[in-house]
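Line by line, the protein sequences give chains S and W.
Just so you know, we're using this note's numbering here: the first sequence kicks off at 34 and counts up by one.
Just so you know, we're using this note's numbering here: the second sequence kicks off at 1154 and counts up by one.
Calculated from the structure, these hints are not laboratory results.
C-beta: ideal position from N, C-alpha, C; glycine also.
Treat each hint with caution, since some may be false.
[Claimed, not checked] Mimicking BS3-like on lysine-lysine, the simulated pairs with C-alpha atoms at most 30 Å apart in a straight line are: (1) S:LYS77 with W:LYS1210; (2) W:LYS1163 with S:LYS121; (3) W:LYS1163 with S:LYS396; (4) W:LYS1163 with S:LYS174.
[Said to hold, decoys possible] Non-contacting residues of chain W with respect to chain S, defined by C-beta distances greater than 12 Å in every case (computed): (5) ALA1184; (6) PHE1199; (7) ASN1207; (8) GLU1211; (9) ALA1214; (10) VAL1216; (11) ASP1217; (12) SER1218; (13) ALA1221; (14) GLU1224; (15) GLN1227.
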Amino acid sequence: MTLVSVSFLIFLAAAVLVYYLTPQKGQWIVLLLASLVFYWLCSKGFLIFLLLFAGIIYVFARSFETGKKKLLVLLEVAILIVLLIVLKYAGWFGDGFVRFLSTISFQKPLSFVAPLGISYVLLTGIGYSVDVFRGTVTAEKNFLKVLSFLSFFPAITQGPINRFSDLSGQLMEGHRFSYEALVFGIQRMLWGFVKKLVIAGRLNVVMLELTGSWQGSKYSGAYVVLTVAICSLNIFMDFSGCMDIVIGAAEIFGIRLPENFDHPYLARSMPEFWRKWHITLGEWLRDYVMFSFTMSAPAKKMNKSLKGKVGRKTAAALVSIIGVLFVWLVFGLWHGISGTFLLAAAYYALLIIGGIVIEEPVKRFRSKYPQFTESKGFQIFRTVRTYFLGIPGAYLMLMPQVKSGLQFLATIFTRPAAQFVVKITEGEGAGTFLLGLDIYDFTVLILSLILWLVVTTLHRKKDVRIRLSNIHIVPRWAILLAVVIAVVLFGFYGDLNAGSFIYQGY
Amino acid sequence: MREKVLAILKEVNEEIPEYEGEGLLEDGIIASLDVIEIVSALEDEFGIVIAARNITKENFATVDSICALVESLQ
């Protein structure tokens, strides 16, 4: 079962029904059971690894009530990371080990892949542990409540990465049925289906067509720029579409999850881009990696000694750069132990560090020419510049290998462009194709992108769902019905596995 | 005390005293780089120790919340 399947919708409807028929005091148990059943339906015996992670996180958090907390938190993080590596890269440890893991999790040996959402459980769990360690939240005494927080089923596949202080209370308090929450939740999910099935499904075909086998692709030259932009847009539609489904599903239960995207393509600087793109991961890295380092005794000592030599600003910048390197190393490794992710992380780190280095000259320039730097034109330039700086990162993450990916990028200088329109006159696949899509699918893609742009622009000014609720019932339901029909008719289920999401694999 | 805190914040970033919202850290007015400078200056000025646990979006939401944090650590 995946988030974009009829079985998920049936499962969700059943869970919602039982949830609201249960007294508020016991609703969290319904959610816990639903989460465990969901996990079982998705991953069968891998459920034991979820329970193992939850058990470790629970036991360590409780142990922080005693002394030697720092040593324990480091030990916990080390155990969880080793376990994650063992599960994600079981193949490294030989066939026998894969068979062993398969046996204990009731999986066929060939189907062994990392347990669903385990990377997200790891981040959520470490966040909770560090919060308990820092004393900002109290360790939960009831294991089932910790399990309920870690396994909350809408969010377990791809996040958002929840904080215990934000989610746990909402899970435990229970909610009264609200018609508005139901309708708003369904509308949000519907929009997610449009982004995932109608748009991302087709973008994926275009992306695969453009990249070809990533080696010797027929597209080259100027198409490389288009490929880089499509890779980024594809991840955005796929991932933010999933977030709409997840956040909408949680909303039906009366639970508000944090947003993961906030119009990232409108960001005017790279730090702002990362406050708008995969927000909960950015905040997690900032709070648990960046501040853990910069507020540590050695970093403060370094800052103090540098201050006297190079000045306050430069000292802070140097300490900050070391923190940035830590952050992006964790970012790269969390996505996977591979050269492509590390290259993407290095690319982003370079951009952020570059921003730190030029910060002071830029500030001086701004205060010298305020009229120019505050003009509309300059702000648009900043947004366009950030867009073109930001999008190659997505390409670097999606390419299968560093060498072939970079070779493809190099064709921008070495080979002429291929044809935009390809006509195949004979055989089974005859027809006219634009970037791998036939004319029908290409038209649907362009029209749905225009629809996305219009809805997003309207939504920035005022929640589209509130706008909808203010209009007459007949046009309102006509619009909603039209969207449902559009998803059913134009949803791209094609050759690709529509149920899988790009970020599910990390 | 408020004047001293305000002076430190202004020296790090002139936009901070002018900011009227309630999310200095969240909205990126105070960047991670600024946090290092602010914490270092506040620790020197008031003889306090600010730890990672204190760097929350709630504590770094407004000038007032930063003042309240300093006060609680004194």
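Results of checking the hints against the structure:
no.: 1; hint: S:LYS77 with W:LYS1210; verdict: violated (39 Å)
no.: 2; hint: W:LYS1163 with S:LYS121; verdict: violated (47 Å)
no.: 3; hint: W:LYS1163 with S:LYS396; verdict: holds (14 Å)
no.: 4; hint: W:LYS1163 with S:LYS174; verdict: violated (44 Å)
no.: 5; hint: ALA1184; verdict: violated (6 Å)
no.: 6; hint: PHE1199; verdict: holds (15 Å)
no.: 7; hint: ASN1207; verdict: violated (8 Å)
no.: 8; hint: GLU1211; verdict: violated (10 Å)
no.: 9; hint: ALA1214; verdict: holds (14 Å)
no.: 10; hint: VAL1216; verdict: holds (20 Å)
no.: 11; hint: ASP1217; verdict: holds (20 Å)
no.: 12; hint: SER1218; verdict: holds (15 Å)
no.: 13; hint: ALA1221; verdict: holds (16 Å)
no.: 14; hint: GLU1224; verdict: holds (18 Å)
no.: 15; hint: GLN1227; verdict: holds (18 Å)
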